Amino acid sequence: MQAYPRTILRPRHLTRAAFAPFGEVLDAADPGRAPIAINGGTTLRYDQLARVETDDEGYGAISLFQAHEAVSLPLVIEVMERHPLGSQAFMPLTRCRFVIVVAPAASRQPDPANMQAFVTDGRQGVSYRRGTWHLPLTVLDMAHLLVVDRKGPGCNLNEHVFAPGTGPLLLPHEG
69 MQAYPRTILR PRHLTRAAFA PFGEVLDAAD PGRAPIAING GTTLRYDQLA RVETDDEGYG
129 AISLFQAHEA VSLPLVIEVM ERHPLGSQAF MPLTRCRFVI VVAPAASRQP DPANMQAFVT
189 DGRQGVSYRR GTWHLPLTVL DMAHLLVVDR KGPGCNLNEH VFAPGTGPLL LPHEG
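This note's numbering applies: residue 69 is where the sequence shown begins, and numbers increase by one.
Be aware that one or more of the hints could be misleading.
[To be verified] Below, in silico cross-link-like pairs of lysine to aspartate or glutamate (EDC-like), each with a Cα-Cα straight-line distance of 16 Å or less:
1. K219 <-> E92
2. K219 <-> D98
3. K219 <-> E125
[Said to hold, decoys possible] Now the in silico label distances, taken between C-beta atoms and shown as ranges:
4. D124 <-> D98: 28 to 38 Å
5. I130 <-> A97: 40 to 50 Å
6. G108 <-> R78: 29 to 39 Å
7. F133 <-> P232: 22 to 32 Å
8. L214 <-> R78: 24 to 34 Å
9. R176 <-> G128: 39 to 49 Å
Treat the hints as calculated values from the structure; they're not laboratory data.
No experiment lies behind these values; they were computed from the predicted model shown.
We treat Cβ as the ideally placed atom computed from N, Cα and C, and that holds for glycine.
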């Protein structure tokens, strides 16, 4: 484990542009995406909000997560994870704000100097690109979430544990 001096992170509001290097924001309220009327006009479809990535041996799977322990900020980040064989998406089924901390996929381990932090508005979800370092699911409100990720052979989880006293400090969000 490489030790870093403690980094201070303050999450900002999640936007499509700011999150683009790490994945996609899933948000039906996005004014840049026009819905498609289907089912005789009784339903609006917000199409292809994110691409599900898997390696050749894996497949996309849908799961439900029950977030039953909400956190409060500030919070010391002790571990980051990534999924090298596929993307991973989280979409709240009920209003649920969650904190997102990401670092570039290209690095062998997450570098706190390159981390960015966001907080969702309670309706937004995210899809992390394959290999993107991210904080494990960390909710500010208890809820159920729909999760789409890669299943199949091979190890699709890398974890990085920060040396004691060196994990970044996540402060309450801006504004």
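Inset, instruction - Starting from the range 22 to 32 Å, see whether the pair F133 and P232 falls in it by beta-carbon distance. - result: With a Cβ separation near 28 Å, F133 and P232 satisfy 22 to 32 Å, so the hint holds.
Inset, instruction - Go ahead and decide if the range 28 to 38 Å is satisfied by the Cβ distance of D124 to D98. - result: 32 Å, holds
Inset, instruction - Take a quick look at whether K219 and E125 sit within 16 Å of each other, Cα to Cα. - result: 9 Å, holds
Legend entry - Status of the given 29 to 39 Å range, CB of R78 versus CB of G108: Violated, since G108 and R78 (Cβ atoms, about 47 Å apart) do not stay within the stated range.
Inset, instruction - State, for the Cβ atoms of R176 and G128, whether the hinted interval 39 to 49 Å holds or is violated. - result: Given range 39 to 49 Å: violated, Cβ gap about 26 Å.
Legend entry - Cβ separation of I130 and A97, checked against the hinted range 40 to 50 Å: Check failed, 22 Å falls outside 40 to 50 Å.
Inset, instruction - Indicate whether the distance between the beta carbons of L214 and R78 respects the range 24 to 34 Å. - result: 28 Å, holds
Inset, instruction - Compare the distance between the alpha carbons of K219 and E92 with 16 Å, and conclude whether the hinted pair is satisfied. - result: 20 Å, violated
Legend entry - Hinted pair K219 and D98, Cα distance within 16 Å: 29 Å, violated
Checked against the numbered hints given earlier, this structure breaks hints 1, 2, 5, 6, 9; the rest are met.
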